[in-house]
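Below, each chain spelled out in residue letters.
There are 2 protein chains.
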Amino acid sequence: MLNQDMLRLGAHQSAIRKISEIGKRRAATYGKDSVFDFSIGDPQAPVPADVKAALAAAISSPDKEGVHGYTSEPGVESVRRAIAQDVNRIYGTAAQAKHIYMTCGAAAGLAISLKAVCNAGDEVILIAPYFPEYAIYTIAADATPKPVRCAQDFTLDIAAIGAAITQNTKAIVLNSPNNPSGAVYPAQQISALAALLSDASRKLGHHIYVITDEPYRELTYDGKMPPSPFGVYDDTILCYSFSKSLSLPGERIGYIAISPTISDGDDAYAAIDGAARALGYICAPSLFQRALESCLPVKTDLDFYAENRKLIYGALTALGFECAPPNGAFYLFIKSPEQNAEAFCTRAAEKGILLVPGDEFDCPGYARLAYCVDREILAKSIPVFEKLRDLYFN
Amino acid sequence: MLNQDMLRLGAHQSAIRKISEIGKRRAATYGKDSVFDFSIGDPQAPVPADVKAALAAAISSPDKEGVHGYTSEPGVESVRRAIAQDVNRIYGTAAQAKHIYMTCGAAAGLAISLKAVCNAGDEVILIAPYFPEYAIYTIAADATPKPVRCAQDFTLDIAAIGAAITQNTKAIVLNSPNNPSGAVYPAQQISALAALLSDASRKLGHHIYVITDEPYRELTYDGKMPPSPFGVYDDTILCYSFSKSLSLPGERIGYIAISPTISDGDDAYAAIDGAARALGYICAPSLFQRALESCLPVKTDLDFYAENRKLIYGALTALGFECAPPNGAFYLFIKSPEQNAEAFCTRAAEKGILLVPGDEFDCPGYARLAYCVDREILAKSIPVFEKLRDLYFN
Chain G
1 MLNQDMLRLG AHQSAIRKIS EIGKRRAATY GKDSVFDFSI GDPQAPVPAD VKAALAAAIS
61 SPDKEGVHGY TSEPGVESVR RAIAQDVNRI YGTAAQAKHI YMTCGAAAGL AISLKAVCNA
121 GDEVILIAPY FPEYAIYTIA ADATPKPVRC AQDFTLDIAA IGAAITQNTK AIVLNSPNNP
181 SGAVYPAQQI SALAALLSDA SRKLGHHIYV ITDEPYRELT YDGKMPPSPF GVYDDTILCY
241 SFSKSLSLPG ERIGYIAISP TISDGDDAYA AIDGAARALG YICAPSLFQR ALESCLPVKT
301 DLDFYAENRK LIYGALTALG FECAPPNGAF YLFIKSPEQN AEAFCTRAAE KGILLVPGDE
361 FDCPGYARLA YCVDREILAK SIPVFEKLRD LYFN
Chain S
1 MLNQDMLRLG AHQSAIRKIS EIGKRRAATY GKDSVFDFSI GDPQAPVPAD VKAALAAAIS
61 SPDKEGVHGY TSEPGVESVR RAIAQDVNRI YGTAAQAKHI YMTCGAAAGL AISLKAVCNA
121 GDEVILIAPY FPEYAIYTIA ADATPKPVRC AQDFTLDIAA IGAAITQNTK AIVLNSPNNP
181 SGAVYPAQQI SALAALLSDA SRKLGHHIYV ITDEPYRELT YDGKMPPSPF GVYDDTILCY
241 SFSKSLSLPG ERIGYIAISP TISDGDDAYA AIDGAARALG YICAPSLFQR ALESCLPVKT
301 DLDFYAENRK LIYGALTALG FECAPPNGAF YLFIKSPEQN AEAFCTRAAE KGILLVPGDE
361 FDCPGYARLA YCVDREILAK SIPVFEKLRD LYFN
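Residue numbers (the numbering used here), protein chains in the order written: chain G, 1 to 394; chain S, 1 to 394.
Among the clues, some could well be false.
Since the list gives no way to pick out one identical chain from another, each pair is judged satisfied if it fits inside one copy or across any two copies.
[Claimed, not checked] The list that follows gives simulated cross-link-like pairs (lysine-lysine, BS3-like), each with its CA atoms no further than 30 angstroms apart: (1) 18 / 98; (2) 224 / 203; (3) 52 / 64; (4) 224 / 52; (5) 64 / 24.
To be clear, the hints were calculated from the coordinates, so they are not data collected in a lab.
The shape of chain G in the complex, shown without the other chains:
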């Protein structure tokens, strides 16, 4: 009599949890140092000193300033103005405060955006592999996920996306740099997608929205901002989080930016406000909104991830593991040396290496390694990977 969908969702023993249990048992028997946990994308780069200073200053500000008080639902006006400027600098747009809606992280932004644009019976295209919550938020918005496989090199397969569009297509979720593959979509694919969707929207007589999830925006390894549909395709809703760039994942602070050229702009913003209200969000955490205002140019030590990536990608390919080209984010997507990636991840876990099977991301045959960990752990895991390799290649 409880809601059975919610019960299934909460009770589901995900492969991640099963792997984590093996790790816990191993740690209990052989000690913590015998477990290398690469299963969770919990960033270990330090919180920047400027952020800590801004938080400390906000906390010691006079009570009258109400730093812990309610903000308006969309967020503090001056913070949204500052973010709009930052967005314009990055994407070459002309966004204003009225296009920015502060959220409890990008996850909330995605859940809210999908709820705002979808009606019952709509379809949402997801590019596999994808973060599993995309499908959950789509279903929670009464719509149907339509997975489309990525290209061989984990970028977009524009033809496949075109073939998946139907009368019911309402949105497509993009995520570049990608979790779990590390792919960064090239600019020409973004342009081709924009052309495809503009054409399809015209033919269908309704807008197809691009919802772009960009928490890894700062994490590319060619020093360039990743190409984005924001500023390229009018009907784009951008979801961002400071979880990675400022190492604040537990604080749930991010924003939605709607394209200033989106169709029915005021209505789109109002629908986002309505969806946030319906999902129980009152405002994004007040202290962190205020601390951000002075910290938008600040980033954590991004080299931390670049060096980790070099270390683990170099070591694993040298050992003979095949990996998707890791151009961004902090994940390495390893081709499973046996067909069943869950079996591979179980063997790895029994040796102390915790990975997540690609099945969790609708992409069997691969395993995700999150290298956002202490470098020492990464380095110490390599001899263990060697032993794991020997199970397959020797």
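Fit chain S to the supplied structure of chain G, relying on the hints for placement.
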């Protein structure tokens, strides 16, 4: 093509906003001091020094402790253990960490709880007057709100609740101390309700859940904890927020406690976890979870509200206004001296006093005054109330 329900919800020009606009125009013309804003329940009692110290200590803790990192979805285990003990002290229960789920405030707790227990077609009883989000969360959970009018003195009308129960009744939302009426439900009514619901559940062959919203738990004026169904009725889900007791409303920190004797306890907790996931919640803000652990016995200056209440209730009744007995929370529910409370609130706003018409709470004929404001503002408003009174009674 946007979701029209979300659009309506976001675009809705609520009476609160209209009143607020009149206030803004008045402030622009006559200055800020000419406006007495009693329209929002934004607590102005100070954030306790212990809370500020705990926040400062957490921020300056070593990076390795991951104070800003992800917590598990239900929240930090040690924090949940401490809260379970606090809950047991207050309610005489035997809750453990596994009964506590940290949330982004009580609003998120309510949205999650309703989503967890409701299926399409279910009915949820709301006691009018009620906080309007209860109906929004009920509808978002595919269920139908069934308002039941409170008793003459704003406590429960048990017979009316009994008459409203149907085969489809899944839950009832309680809120005592009440927003907007200030009513506190007496213990004998809680017992009578528990007996009624136990009996009805047995006859119907399914559980009826009580979802109790208790952010004003510490705000009673007889020095006693308000009677609660938690610990009295097995199938109770408690939603709490530290917004009022610690003056942290913008930080969105609270919890759900499920009764340790709830039916299908593990499943109920799992459904709550699933619902939190579906609504886009990853975890409650990490810093505030950790700061709470040492601050559970801490409260803001509750006398601040008691004195405000004495001042404004005394003054308004002396002027001839009729008010609901204000036994808790920080609201005074004033009987409108003309039939149309919106018209009364418009007249009040034109004089600079911002109130919210009871219509917003499904209770026409009344107006809500939030007295959680600086005492000086409260005191200065009284001569203005006198002028307002003169429009009606002289």
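Status of each hint after checking the structure:
no.: 1; hint: 18 / 98; result: between (44 angstroms within a copy, 19 angstroms between copies)
no.: 2; hint: 224 / 203; result: neither (35 angstroms within a copy, 66 angstroms between copies)
no.: 3; hint: 52 / 64; result: both (22 angstroms within a copy, 15 angstroms between copies)
no.: 4; hint: 224 / 52; result: within (27 angstroms within a copy, 40 angstroms between copies)
no.: 5; hint: 64 / 24; result: between (47 angstroms within a copy, 20 angstroms between copies)
In this structure, the one hint that does not hold is number 2.
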